[in-house]
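4 protein chains.
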Amino acid sequence: MLAARMHRYKEPLVIEDVEIPEISPEEVLVRVAGAGMCRSDVQLIDGYFAEALKPKLPITLGHEIAGVVAALGDQVPASAQLAVGDQVVVAAGWGDGTCRQCRLGNEQICEHGSWPGFGPPGGYAEFVPAPYRQLIRVKHKVKWEELAPLTDAGVTPYRGIKKLRAAGVLGPDRVIGVLGAGGLGTYAVQYAKLLSSGAAVVALALEEDKLAILKQLGADVTINTTGKSVSDLQDELFKLTGTRNLDAAIDCVGAEETIRTGIGLLATAGAYVSVGLVGTRIDIPLFPFTSRELTYHGSFWANYNDLQEVLALAQKGEIRHSIKRVRLQDINENLELLRAGDIVGRAVVLFDIDGSASESGGRGLRPKTENAAQQ
Amino acid sequence: MLAARMHRYKEPLVIEDVEIPEISPEEVLVRVAGAGMCRSDVQLIDGYFAEALKPKLPITLGHEIAGVVAALGDQVPASAQLAVGDQVVVAAGWGDGTCRQCRLGNEQICEHGSWPGFGPPGGYAEFVPAPYRQLIRVKHKVKWEELAPLTDAGVTPYRGIKKLRAAGVLGPDRVIGVLGAGGLGTYAVQYAKLLSSGAAVVALALEEDKLAILKQLGADVTINTTGKSVSDLQDELFKLTGTRNLDAAIDCVGAEETIRTGIGLLATAGAYVSVGLVGTRIDIPLFPFTSRELTYHGSFWANYNDLQEVLALAQKGEIRHSIKRVRLQDINENLELLRAGDIVGRAVVLFDIDGSASESGGRGLRPKTENAAQQ
Amino acid sequence: MLAARMHRYKEPLVIEDVEIPEISPEEVLVRVAGAGMCRSDVQLIDGYFAEALKPKLPITLGHEIAGVVAALGDQVPASAQLAVGDQVVVAAGWGDGTCRQCRLGNEQICEHGSWPGFGPPGGYAEFVPAPYRQLIRVKHKVKWEELAPLTDAGVTPYRGIKKLRAAGVLGPDRVIGVLGAGGLGTYAVQYAKLLSSGAAVVALALEEDKLAILKQLGADVTINTTGKSVSDLQDELFKLTGTRNLDAAIDCVGAEETIRTGIGLLATAGAYVSVGLVGTRIDIPLFPFTSRELTYHGSFWANYNDLQEVLALAQKGEIRHSIKRVRLQDINENLELLRAGDIVGRAVVLFDIDGSASESGGRGLRPKTENAAQQ
Amino acid sequence: MLAARMHRYKEPLVIEDVEIPEISPEEVLVRVAGAGMCRSDVQLIDGYFAEALKPKLPITLGHEIAGVVAALGDQVPASAQLAVGDQVVVAAGWGDGTCRQCRLGNEQICEHGSWPGFGPPGGYAEFVPAPYRQLIRVKHKVKWEELAPLTDAGVTPYRGIKKLRAAGVLGPDRVIGVLGAGGLGTYAVQYAKLLSSGAAVVALALEEDKLAILKQLGADVTINTTGKSVSDLQDELFKLTGTRNLDAAIDCVGAEETIRTGIGLLATAGAYVSVGLVGTRIDIPLFPFTSRELTYHGSFWANYNDLQEVLALAQKGEIRHSIKRVRLQDINENLELLRAGDIVGRAVVLFDIDGSASESGGRGLRPKTENAAQQ
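Residue numbers (my numbering), protein chains in the order written: chain A, 1 to 375; chain B, 1 to 375; chain C, 1 to 375; chain D, 1 to 375.
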């Protein structure tokens, strides 16, 4: 099968013909239909995770995976209710199943866990193996290019905003900020609207065209932060919302500067959640953080139940997507665009699986062209 | 001034001319513009609260109050930011300010608290005194007949649903039930929609015309429960929503039968909240309650912050009202309609205060007719 | 092997020689060392669960199981870290692993779940099969008769009190009540002390000798409720603690009367949790429940993480036990004592496994006598 | 009366004779019996708060105040239940009473609030005025030098640990860290023990003699962090507790280094709370914070209910104190010791009020000597 693999850090992926992976008894072979492209792929290539994850090269990237069940391992139980031909997405944090977090369902933060595309082979390939417990069947028809990104870009901010909701800072007389307008931000504004019980949603980012999209996707107010101080932003917030501060904010960027600004805008007793990972440090003043009783949450990817919830929204048609369709052979140039911040919404690699989905191990397939996306 | 007062239990209110109440130093005199009529007025007349509250008769009923500041006590501090002529609503639970619940802001459940219209004089009168701390200024223009009910019918289910939200049982793949289609139910379906992060909202009640209104107000699905068993209802739920149970429910009725049905429909780990008080007992089976880990919350009226939040929604125009305008002289016949369950939405007594709002103690005013409601 | 099985409702168990159960690939065969006796065994015999669980007879009772790993199924993964000879306890709610509650770790309330001794064979036998995921290895030496009851009597009130703690009603200026002084109550008073951050612990029960034990186990105050009204009890509470109400209470009985009394004693905004199941109904007045914003939680058994926490306490020596050792052949007379309420603390059936633990399928074993309990 | 006042930044306080402060109608004049000395006094002198608080000089420092009611303002209501001669402590965050946080009881974080000794006159004086709502009567006899510090050092870590408890990370199989062994740390270890439901309490600090005291006060384990890396500390933790990480930690220091170490030691999904303010920055790596889903809480001082809870503990004798008694005339040299970190436990300025407590405005009083502290 074709796969786009990283052989060395800081080099383009190599698109090559490799063996279809074998599956172990509790795994399922998934024929990939769509694989979302994430800024963390660029970071992986650049070595951001080299220290923390130490992946063995070559590695097939791609962790946002939707496709069709192609084959089942011998020990996949009937209770899993999976059959060849089923439309599925892959929940992407695979825990050891034994630690406290796994027992709570938070496999994505298992200390002995793994993530497809960051060690186990990922979705930039025609087939990918996955543990049966990590698949979610999708009953209704949603486009592949819309399903794939839900497993990361479309669920990561959802979990983050659930943490803000649980913190008790969302409600009709509140203001929630969404920082960043990339892949995560386009989903985040929608969840901010859906989960905040009537709070005003303020999108903050650096580029007008992206802010315009966030506005379409539900932001009540947008603010271009370019060159503005916290005090400038407070003035602008006040003009637009009647309050100088954010009761809650989700940071889809994670740059040192964004974090400092976002925390600086928080109201007393406000809550902040980081899902973006562009930068490497949190560097903020201690006294206002403590004396105003702010809370800062790290939130990582999402668990199986979170993904179920997001899929419920998608299947009701309540999520809007901003997708760029990509062919596997164009993956490296799109990674460059991602690095430069020049992708609007989410880029998704699509594979042509029509007519061949039920043939497990179909050969000779070629990635699909953009204008022929599966309906 | 004119006031509608109860002199004896189980008799019509007496509309009579009485002295304008004096205010103590920390009180404000409010010229009443609208006073919502509540089923609990009927219960008060019928003696439901006689034992628990022991009010001294005669008493002026009416606990949903909106109006204009007519006079300020000597010790109302400047920090209260109140002035004669301000449009205000009255938060209706007045605590002693010293107990733990008061210190948490939950004055409505203070053990030494009181409620206007249940002891202190209420809003079925041209003027009413209220502690300055219990007034909320309403900046933007909302109709009097819409403001008044927000202080009870329009905020009580809001608090109830906040408890369900805090219980963690609301979300996109969940189903929330609203039991009852009276004054509280018409608001409850709207909050169920606004606060549940995408859950399906199911309204359950006995009358088709009221269910039709709940549908208009946002219920995704309505079920007429007349003559149906829990099992019948589960079948119907399944047909309509794909699930046989409710993850959460708010009971705006409180009849013994409703409670048993509502609890019977709850899913494992589901949560129930009672705000309705038609009946007197909770009588449900123990084993399923325990073995399925249900949770049952009592929720009473609302606190100041809750009311602030609801007013924020109203001022954004996000609450729809179903109001019947009533003249003070017609109050007794409308209490009868309320007793019979024949009021759709909320009845509100309106007073004509135009042109005279700034004269504190204006005399000779007469209640306003229905077709001339304040804009 | 020997097993005590129920062939018909309302008849004594039959102690008989039966085949050692076969295990499926993901199961472990446990050689039973101790099996706790629970009042729910009596209820099962009496038909209390016949409707809800519909168990196929004959059935081996006994759901509190501690023992030694005797054999492992073929597909028990290495990550489970289990080996023949390991000392283990059995977590007793076995879910389907796929529903939301299972994904949250609450397998004991899975709608498709099962419980050993209530369908699958239980621990009143020399061997019992159990899914590998439900075993917890116990590293340090704790007596068998102390380990076994931890899996139900010793963990069920723990989970209940965790719900009270999560409700925010426990703290240094609070009072927590423990209703009931049977198997669950003896553990409940200890957890009330350990989990309540300094609250006063009040034990309420009907028998002086049992109350004396609860006092020894950590209750600050005991009250004999025999023949006393709620008002009497409030007077007594006031004398003993300076307050007339309980901020929180755990009901280890579940009789209609106990529930009414317990709820009647709750303070405003108080929380109640039911773990006892002696009766069949909750029958309490609606108005005080609602107007005082009480919360009522059902709590059922416990999940794997709860049991881990209790085992941590046991292994630190922080739990005291009140145990009666029982031989398998005496099981029926002890079930009668349990029915009559004449067991103080917990009765545990002990098996003699010394010297034979490593022989999987050892034959000819006989239950151990009381005075030779494993150390 | 005598007062120790700051006339200029970075200079010793001036002990001088000044007018007894007048009280406004809602204030109470308190005759100071004990005034705790806090490291933040040193910071105030050094200018740490100059920017944030802009206090008008000269200012009387001292925010930990216990004493006797000397006079009541005209409008102090009877419901406050205060009388001349009552033993009281002063809750130290005085909000405007109107904002959301005030309505929730969190006056200490009111944006328009003030704190005695940081603007309004403080307790390094024979008399101090305070709003009547901020006084808590102490019924039982506790020593003045023990009462005073409870209002800050003794309640600030209490609130912080309540946040950790609410975060769900405390329990029998958990480990909680206490960083710092100064005034706050000596209380923090005790609350860590009382509020953590059986978690192991690990004290981490730089000085052996202080660690020894923390051990006496309830720490299960102590670690001297001098010169050790995070990895060294993890090794040591593992040896002492069997785990390499902390599930929760309270930082009573707030130095940049301490924060980095403390956060570095947190387990996946762990929670951190900062109460100490020695440094000015939080500077920690982003990726582990996010990917391990850590949570960081700021916690500031405490509210009225928190203080009530701590006083309940103190009155039950469950708090142990490590106090140094100081005379007002020795205040400057003790501020120097505080700056150098050379006070073990808490220093408290004591005034001799025996026999004169009921004379409001008693003159000619002199501070008490150390060996004659009030019993």
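Be aware that one or more of the hints could be misleading.
It does not matter which identical chain is used: a pair holds within one copy or between any two.
What the hints assert, rightly or not - Distance condition first, Cα-Cα at most 27 Å in a straight line; then the derived DSS-like pairs of lysine-lysine:
#1 K316 with K56
#2 K143 with K54
#3 K239 with K139
#4 K162 with K56
#5 K10 with K239
#6 K228 with K143
#7 K228 with K54
#8 K324 with K163
#9 K162 with K54
#10 K54 with K163
#11 K316 with K162
#12 K139 with K10
#13 K163 with K316
#14 K141 with K193
What the hints contain is simulated information worked out from the structure, not anything from laboratory work.
The hints, checked one at a time:
1. K316 with K56: neither (40 Å within a copy, 42 Å between copies)
2. K143 with K54: Neither: 34 Å inside a chain and 44 Å across chains, both beyond 27 Å.
3. K239 with K139: Classified as between: cross-chain Cα gap 17 Å, same-chain 46 Å, threshold 27 Å.
4. K162 with K56: Neither way: K162 and K56 sit 34 Å apart in one copy and 43 Å across, limit 27 Å.
5. K10 with K239: Answer is neither; intra-copy 45 Å and inter-copy 41 Å both fail.
6. K228 with K143: neither (40 Å within a copy, 40 Å between copies)
7. K228 with K54: between (39 Å within a copy, 26 Å between copies)
8. K324 with K163: neither (29 Å within a copy, 41 Å between copies)
9. K162 with K54: For K162 and K54, the Cα distance exceeds 27 Å both inside one copy (31 Å) and across copies (38 Å).
10. K54 with K163: Neither: 29 Å inside a copy, 35 Å across copies.
11. K316 with K162: both (19 Å within a copy, 24 Å between copies)
12. K139 with K10: neither (40 Å within a copy, 47 Å between copies)
13. K163 with K316: Close inside one copy (23 Å) and across copies (26 Å); limit 27 Å.
14. K141 with K193: both (24 Å within a copy, 25 Å between copies)
The structure does not agree with the numbered hints 1, 2, 4, 5, 6, 8, 9, 10, 12 stated previously, though it agrees with the rest.
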